[in-house]
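Respectively, the protein sequence lines represent chains W and G. Position in the first sequence counted from 1, then plus 9, gives you the numbering used here. Position in the second sequence counted from 1, then plus 74, gives you the numbering used here.
These are computed hints drawn from the structure, not numbers from a lab. Note that beta-carbon positions come from the ideal geometry of N, C-alpha and C, so glycine has one too. Be aware that one or more of the hints could be misleading.
[Said to hold, decoys possible] Sample of chain W residues at the chain G side, in silico, Cβ under 7 Å: (1) 92; (2) 95; (3) 117; (4) 137.
[Unchecked claim] Derived list of chain G stretches under chain W, where covered just means 3 residues or more per stretch with a C-beta under 8 Å from a C-beta of chain W: (5) 113–119; (6) 158–171; (7) 176–183.
[To be verified] Simulated crosslink set (DSBU-like; lysine-lysine; CA at most 30 Å straight-line): (8) W/181 to G/177; (9) G/177 to W/92; (10) W/92 to W/156; (11) W/212 to W/36; (12) W/171 to G/163; (13) W/212 to G/169; (14) W/190 to W/36; (15) W/212 to G/177; (16) W/12 to G/177.
Now for the letters of each chain:
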Amino acid sequence: MLKGSDLLEPMDFSVEEMGEIFDLAAKIIANPRKYAHALDGRLLATLFYEPSTRTRFSFEAAMLRLGGQVIGFSEANSSSAAKGESISDTLRTVACYADVAVMRHPKEGAPRIGAIAADIPVINAGDGGHHHPTQTLTDLLTILEEKGSLENLTVGICGDLKFGRTVHSLIKALSRYGGVKFVLISPEELVVPDYVRDGILIKNRIPFEEVRKLTPVLPQLDILYMTRVQKERFFNEEDYVRLKDRYILDAAKMKHAKPDMIVMHPLPRVNEISVDVDSDPRAAYFRQAKYGMYARMALLMKILGAEE
Amino acid sequence: MLVVNSIERGIVIDHITAGVGAKILSYLNIDTSNHTVAFLMNAESTLLGRKDVIKIKDVLDLDLSELGLLDPNATVNIIENHKVVRKIKLAIPEKVVDIIHCKNPRCVTSIEPNAPHIFHLVDSDRRVYRCEYCDDMVSMEKDGLNELIHKKHQPSK
Ligand SMILES: [Zn+2]
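Assemble the whole structure, with the sequences as input and the hints as a guide.
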């Protein structure tokens with residue numbers, strides 16, 4: 010029963026509960042008009058203590074497309090937080106007005122404070138580099154819709170595998186499905202941390218390989234998940250510049266990939282995917298943004314217990 | 075060998091890891107109490123080599139629930155009429171509230187003043203705890219008690 014649930018971490022929901030959300034998302038994708046009034050009269054509060062236009066738009070579009078309405082703020086200095094109000098007090102107040110709250114905050118664990126204080130469901134839309142569960146939901150829905158299954162896939166993940174929490178959550182989430190194999194492509198300096206390699210992959214006996222070069226492994230992949238190397242993770246400019254251009258996916262490289270491989274990326278990209286890939290039908294990253302909205306629509310309906 | 079007389083009635087916390095006794099005194103607010111207390115540092119121990127011992131006279135109801143976090147090897151004996159009437163076995167608490175403070179500067183507890191600092195036990199052998207909010211891990215064994223223990227506020231009288 011997802012009604013009334015918070016979503017704070019990617020693994021908060023079981024495989025079955027995730028399945029319920031994906032089933033509903035598929036129904037919405039097939040017939041969006043049918044759901045245009047599913048959340049009539051409901052109110053979503055979007056509490057963004059740091060700006061993230063992409064994520065906020067995705068949630069707001071999801072709510073509006075279901076017939077619901079939205080209130081909120083998009084940065085901390087336009088909110089009561091600027092006047093020194095605690096997260097608990099803000100959420101307790103917002104819970105008096107809204108039916109569900111989405112919260113983004115630079116501090117790790119902030120949405121949990123909010124969820125404890127508010128008696129309405131709280132969704133974590135990113136808390137620092139900690140968790141971003143609706144990104145994981147988006148990634149899984151994209152794979153399911155594009156590939157037809159979350160099982161028996163060879164998934165290549167390329168770029169910054171050390172700091173990218175999105176990637177760690179994706180590995181953890183996909184590890185719950187059968188027959189998934191990972192090919193981890195990164196520079197030596199940006200390999201997956203021990204808690205992923207030992208704590209998830211080895212512990213659950215998930216087959217994986219770690220490689221430095223992208224092109225040689227491309228032919229075996231069903232999915233290529235590209236990530237950007239984030240500048241703010243580096244102490245010196247030199248290291249960043251050296252590592253950021255290490256993997257650039259372009260049309261020439263795509264010739265080595267399977268005809269039905271899909272390319273994913275959480276966006277925004279910098280230069281790790283060349284624009285000449287955009288017109289390739291295998292480029293799924295903009296469709297991924299659309300699946301993100303559908304995933305959030307299904308999530309909102311489920312936790313608000315809307316009529317299907 | 076230094077001899078401290080046995081007490082007629084009270085609590086003896088024995089087999090404390092040498093060096094931890096002073097922290098226990100401070101943390102449990104024994105050092106600021108009016109109780110009669112004998113504190114032995116670096117006493118000889120056949121079991122540990124060196125140990126600390128705390129004897130508190132005429133007190134039987136001290137809250138020792140968090141002693142297992144401070145030193146799970148310590149033993150607690152309740153004494154009446156010079157005899158041990160009860161031995162308390164310490165357990166490492168599964169969940170501790172407002173004892174360990176999260177040191178992660180990115181953790182929400184660094185900015186939310188009234189949030190309780192909650193930690194969950196993840197590895198009892200190494201006494202590793204995980205922050206409820208940011209998932210940061212601290213080892214009571216490795217990171218040192220000094221840094222982690224936030225002295226309990228004394229109840230206002
Ligand atoms: Zn913390």
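Enumerated hints in conflict with the structure, sorted upward | 1, 5, 6, 10, 11, 12, 16
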